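K.L.:
Each chain, written out:
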Amino acid sequence: MAEVHCFTSATFSYLDRVRVLGETLKRFHPDWKFWLCLADEEPPGFTFDIAREPIDGIVRVNELDVPDVRRWVFNHDIVELCTAVKGPMLFRLLSSGARKVLYIDPDIALFNDLDEIVCLLDKHDIILTPHQIDPDDDPKAILDNEIGSLKWGVFNLGFLAVANRGDGIRFAHWWRDRLLDYCIDDLPNGLFTDQRWCDHVPGLFSNVHVLRDPGYNVASWNLSRRPLTIEEDGVIRAGGTRLRFYHFTKVNGPGEVMITKYSGGRITPFELLKWYRARLDANAVPDVPDGWWAYGTYADGTPVPREHRRAYRSRLDLRRRFPDPFASGRKSLARHLAKRRQ
Amino acid sequence: MKGASKILRWLRRTTKANRISRSRIVRTTLLGAETAGKAVAFYARTGHWNTNEHNRLLAAYRRQLHAAVSPRIRAKDWDGGKNRSSPMTGAALTQILEPLVGNAQGLIVSLSHDDYGRNYGGVQNVIRDEQQVFGRAKWLYLHVSPASPLPMLSDPKPANEFRVSLRFDGNVIGVAMIGDLVGSLETLRRSIFMQPIVHHLMGLAPELVLEVIRATGNDSPIAWAHDFFSACPSYVLMRNDVAFCGAPPLGSAACAICCYGEERPLHAARIRRFFEAADCIVAAPSQAALERWRRFDLPHREAVVLPLARLLSVPPTGNPPSRDDSRPLRVAHLGAREFRKGWSIFEELALRHAGDARYEFLQLGTPDGPSMPRNIRNVSVRVDAARRNAMIEAIAEAQIDVAVIWSLWPETFCFTAQEALAAGAFIITNPGAGNVWPAIAANAPEQGCIVNDVEQLFAMFRGEDLRARAHAAPRRRGTLLIEGGTADWFLRRHATESEAAPTTAVASPSMDGLPIQDESVAYG
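Line by line, the protein sequences give chains A and B. Last residue of the first sequence? That's 342 in this note's numbering, and every number before it is there in order. Last residue of the second sequence? That's 524 in this note's numbering, and every number before it is there in order.
Because the hints were derived from the structure by calculation, they are not lab data. Predicted model, so just to flag it, every value in this text is computed and none were measured. All C-beta atoms in this analysis are idealised placements derived from N, C-alpha and C, irrespective of residue type, glycine included. It is possible that part of the hints are untrue.
Derived EDC-like pairs (lysine to aspartate or glutamate); straight-line CA-CA distance at most 20 Å [said to hold, decoys possible]: (1) K76(B) - D241(B); (2) K274(A) - E263(B); (3) K26(A) - D281(A); (4) K76(B) - E263(B); (5) K151(A) - D137(A); (6) K274(A) - D241(B); (7) K157(B) - D79(B); (8) K38(B) - D356(B); (9) K261(A) - E262(B); (10) K123(A) - E3(A); (11) K274(A) - E262(B); (12) K26(A) - E262(B); (13) K138(B) - D169(B); (14) K250(A) - D185(A); (15) K140(A) - D65(A); (16) K140(A) - E53(B); (17) K151(A) - D136(A); (18) K250(A) - D290(A).
Sample of chain A residues facing chain B (criterion: CB under 8 Å; computed from the structure) [stated by the list, open to error]: (19) T47; (20) N112; (21) I230; (22) I259; (23) I267; (24) F270; (25) E271.
This is chain A alone, in the form it adopts within the complex (with noise of 0.2 Å):
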């Protein structure tokens, strides 16, 4: 079994994400096993075959052991079944044999090995990197970063390490409980998706280790601190470390916007995301509709509503009522829900 095991979740609309990552995880670290965790079903007509994507394995969220599985996920948004998922699987792989487990979001790319997380997980049982490692001066930036992370979460769980002993096994116990019941996004009740959980992780466990270098996780919310530059050597470099990954956050939308703001006027950071675009052109997925997600509809094709997941998660008499979720028709929670709201 290879000593490294890496996982990804997400849907096929994610999917040329996913092979970005994969590609560039392959190019530094061709002997780890890296895994998708697929929250999601193929569209009609759309083959997916792992011997040719830089996947090794898959797991579908069906395979979780995730009791009653398919009302579970519809519980879920498309983001909050994303990131539910990570618990449970990071759990399975532990449970399977795997020495060392990481995390690593579809939406992140690598630009030099990870050699050092392996040999930080000799040491430590978890690694978490903050969204900040660096207090922010500017006002605009420290209601966008720091705050931000106040609401969201000071981890960024775009990363997780997680070594199988000790803490990491009570850790990865905990973390796939926490997410089978609370993973959704609900901040005035204090709850973002899987992330807000890892706050308590330097409380609740031992052998945590914060990763300070600024060369991991580089984003949007932490451009501010951390320039990125490349010199002759051919080297990018954030804070004037080694740039290990970037996480290219919605990069189609207000991504660009925060790193247009700020990239302190470098050209560079626009560099990566030009490059980032191309790579995704270049592993685009035609056959797979647009916002395709197999759990966002009912059964006949209507987009589930938010208020519908939420009503059924939080009544037993629904759930009661309407074993299948999804189904559409007369008797259905679609019908159901939709006849109150009129």
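Put chain B on the given structure of chain A with help from the hints.
P.N.:
Frame of chain A; chain B shown alone:
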């Protein structure tokens, strides 16, 4: 009146609903009006709306980045430059060349990226100049260029499928297959000494250039480093056309995100095999260029620096031109509005000082290219074969005080720096501009200054010292003595070698021992 009462009602509603004071709304409105007024005034002066100094230059860089594409994609746009003439046969070519050989001293076989008789630029000028000098010394000059110019190396092709344009002593001969040219040269070399000079490999297949060199029977080809094409298809080493990269190690992260990165490994491997096989004498137009080229660690027999021109000071013929303190300091960008020549930096400088009575901004060069701010005046200058001093004259005539030569890549020679010096302008440059500062330092160190970065450049213009500094510099006048490219140096060397060993004037059969191209590369 109806409109006014509507606005008042809206104002009342808004202030009440949002719990904000009316005075705050009025203040905000006035502030907005003031900002808008400033923007309109800025537009009137410059033709630009963007008053934000912080993002304007970045926007220019982003436009340049957006336009950057891989050379393979750009090659599709070069199709129009193709010479579509039908190729002549090998026999016809030999028939044309053989009688021309006559009693000449020798035949220069020169190769470059395009037809120097049809195109104008630095390398083309050098070829034109050296052809004339060789001609005066009774040397014949055969120029070979790809019939389909490309912004990269040509993919490997068989010799009987690669078309080249030929020019003999400046006159068009036509198009031939490079294989037929090789055959003709092999025939001719029995009767005349041939010297290959490779000015540029762009658009050519280096494997086929090696065949041409072999055919000349000369084992001392000369290869020019006019730029840094030896290291990368981006011959100015500009990553994504926006930042100097210095040719980082192959496989570096910088190459991985660069639009030239995909082509570079094979490009570098083919160039390396060329230099390994050809054992060239490398000629560079400056010591700075040669030092940079040497970093690529390519094998070569020897290296020489052959400056393209020499600056000659002209003795003063009267009182030096007076400095007029009453007029604005005239600040110029010399040459085309090209990003890599620092045009965007100059443009930003002008925009920052729109309405600043201390400065007047000019562009001396062709009036084409991107539109420019209204507060930059174009003085149309075209330096060509007939008007080699046109830039010097224009700088002097426009009474340019300061030339900002802010090249973003290490210029290998930089005619404009020499021209600015010859015209007596004070030069401001940066440490990364290659031969610009060495040229100033060697000729008139007090006539220029080196500024570390763009922020320092902007600070210099914000400050009050520039006028005094520019005026304190001696306003020398001079002229440029154009050197004959490879010709003068080669003729001297050849004469010495001929005296030492007269038989070298005849083709050496030892060249047959030159390594033959790797078949898998040539046709793979």
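K.L.:
Now, for every hint given, state plainly whether the structure supports it.
P.N.:
Against the structure, the hints come out as follows:
| no. | hint | in the structure |
| --- | --- | --- |
| 1 | K76(B) - D241(B) | holds (18 Å) |
| 2 | K274(A) - E263(B) | holds (17 Å) |
| 3 | K26(A) - D281(A) | holds (19 Å) |
| 4 | K76(B) - E263(B) | holds (15 Å) |
| 5 | K151(A) - D137(A) | holds (19 Å) |
| 6 | K274(A) - D241(B) | holds (13 Å) |
| 7 | K157(B) - D79(B) | holds (18 Å) |
| 8 | K38(B) - D356(B) | holds (15 Å) |
| 9 | K261(A) - E262(B) | violated (30 Å) |
| 10 | K123(A) - E3(A) | holds (15 Å) |
| 11 | K274(A) - E262(B) | holds (15 Å) |
| 12 | K26(A) - E262(B) | holds (17 Å) |
| 13 | K138(B) - D169(B) | holds (11 Å) |
| 14 | K250(A) - D185(A) | holds (17 Å) |
| 15 | K140(A) - D65(A) | violated (44 Å) |
| 16 | K140(A) - E53(B) | holds (19 Å) |
| 17 | K151(A) - D136(A) | holds (16 Å) |
| 18 | K250(A) - D290(A) | holds (16 Å) |
| 19 | T47 | violated (29 Å) |
| 20 | N112 | holds (7 Å) |
| 21 | I230 | holds (5 Å) |
| 22 | I259 | violated (11 Å) |
| 23 | I267 | holds (4 Å) |
| 24 | F270 | holds (6 Å) |
| 25 | E271 | holds (5 Å) |
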